[in-house]
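Chemist: So you can see what is in the structure, the chains are spelled out below.
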Amino acid sequence: MALALALGIVLALGATNGLFPVYIHLLVFGWLTQLIFGVAFWMFPKFSVEKPRGSETLGWWTYALLNIGLLLRAIAEPMQSAQTTSISGWLLVLSAILQFLAGSLFVVNSWGRVKEK
Amino acid sequence: MPRLSVWFVRASMIYLLLGLAFGALLLAQKGIPFYASVWYLLPLHMEFLLVGWLIQLAMGVAFWIIPRFSNAAPRGPVKLVWLSFAFFNAGILISTLQFWFPITVLIGRITEVIAGILFVIGSWQRIKPLR
Chain A
1 MALALALGIV LALGATNGLF PVYIHLLVFG WLTQLIFGVA FWMFPKFSVE KPRGSETLGW
61 WTYALLNIGL LLRAIAEPMQ SAQTTSISGW LLVLSAILQF LAGSLFVVNS WGRVKEK
Chain B
1 MPRLSVWFVR ASMIYLLLGL AFGALLLAQK GIPFYASVWY LLPLHMEFLL VGWLIQLAMG
61 VAFWIIPRFS NAAPRGPVKL VWLSFAFFNA GILISTLQFW FPITVLIGRI TEVIAGILFV
121 IGSWQRIKPL R
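Protein chains in written order, with this note's numbering: chain A, 1 to 117; chain B, 1 to 131.
A hint or two may mislead.
[To be verified] Dumping the calculated DSSO-like pairs for lysine-lysine here, alpha-carbon to alpha-carbon at most 27 Å: (1) B:K79 - A:K115; (2) B:K128 - B:K79; (3) A:K51 - A:K115; (4) B:K128 - A:K51; (5) B:K128 - A:K117; (6) A:K46 - A:K115; (7) A:K117 - A:K46; (8) A:K117 - A:K51.
[Claimed, not checked] Simulated coverage check for chain A against chain B, where a stretch passes if three residues somewhere in it have a Cβ under 8 Å from a Cβ of chain B: (9) 54-67; (10) 87-94; (11) 99-110.
[Claimed, not checked] So the derived label-pair ranges between C-beta atoms look like this: (12) A:A2 - B:S37: 35 to 43 Å; (13) B:W100 - A:V49: 19 to 27 Å; (14) B:P77 - A:V10: 46 to 54 Å; (15) A:W60 - B:Y40: 30 to 38 Å; (16) B:W124 - A:M1: 25 to 33 Å; (17) B:P77 - A:A15: 30 to 38 Å; (18) A:T57 - B:I14: 17 to 25 Å.
In case anyone wonders, no lab produced these hints; they're calculated from the structure. The C-beta atom is built at its ideal place from N, Cα and C for all residues, glycine as well.
Okay, chain A solo, but in the shape it has when bound:
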C-alpha cells in the first residue's frame, strides 16, 4: 500500500511509462487482495482440528508467489514500456504466471474452509 501511494505521487508529478497499471495493481492486488488473503487465512472457519488453517505451506507459497510476481511486474512493466526487450517481455510473462499461481493456491487452500457451521 505504501509503495502504491508513493507511486501515486510520482504519477501526479507527470510520470507515465507503464506506471499507472503498476499503481492500480499494487493497490488492488498487492494491498486489498493480499489483505483479504491474510485475514481469510486467519479468520475463515477452521479446516479441521488437526489443520485449522489448511496447509500453512500453501499459505506461504501464496504469499511468496504473489509478492514476487507483483514486484516483477512493477520492475518489468515500466522497462517494457520504455523499451521493448525480450528480457522485460519474458519477465512480464513470468510475473503473470506467478500471480495466477498465487491466487490459485489461495483458492485451493481456502475452498475447504468455506463451509457451513
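Use these hints to put chain B onto chain A, whose structure you have.
Modeler: Chain B in isolation, oriented as in the chain A frame:
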C-alpha cells in the same frame, strides 16, 4: 458460516480465478504478444475482479459477521439477501455478453445495482451498536 455466505464467498473465489486467468493472459500479451484479441478480455478482467471477487466477497463476509438479531431470524430477511445474491451474479453474467450485445453492460449494471439495494435493505438494521 451461514449457507448464503458460503455461496457468496465460493462464487467470489471462482471469479477470482477467472479474473486472474484473464489478467495473466493480458499481462503475458504485454510481455510477449501472441494474440491481440486477448485485449477483449480487459473489461471482463475488471468486472470479475472488482465486482465478482472484491465486492461479492465483502457481501458474503458481511452477511456472516455483522451483528445478529437475538430473535428467530438472527440475520434478518435472508430471502431478500438470497435474491441479492441471485441478481448480483446474474448481473455479472449478463455483462459478459457485452462483446456480442453491448447493451448487456447496462442491463448487467442495473441488475447489480438492484442486488446492491436488496443487500443494503437486508442488512441495514443489523448495523447497530452493541447493547
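Chemist: Checked against the structure, which of the hints given earlier come out wrong?
Modeler: When the structure is compared with the hints, numbers 4, 9, 13 and 17 turn out to be violated.
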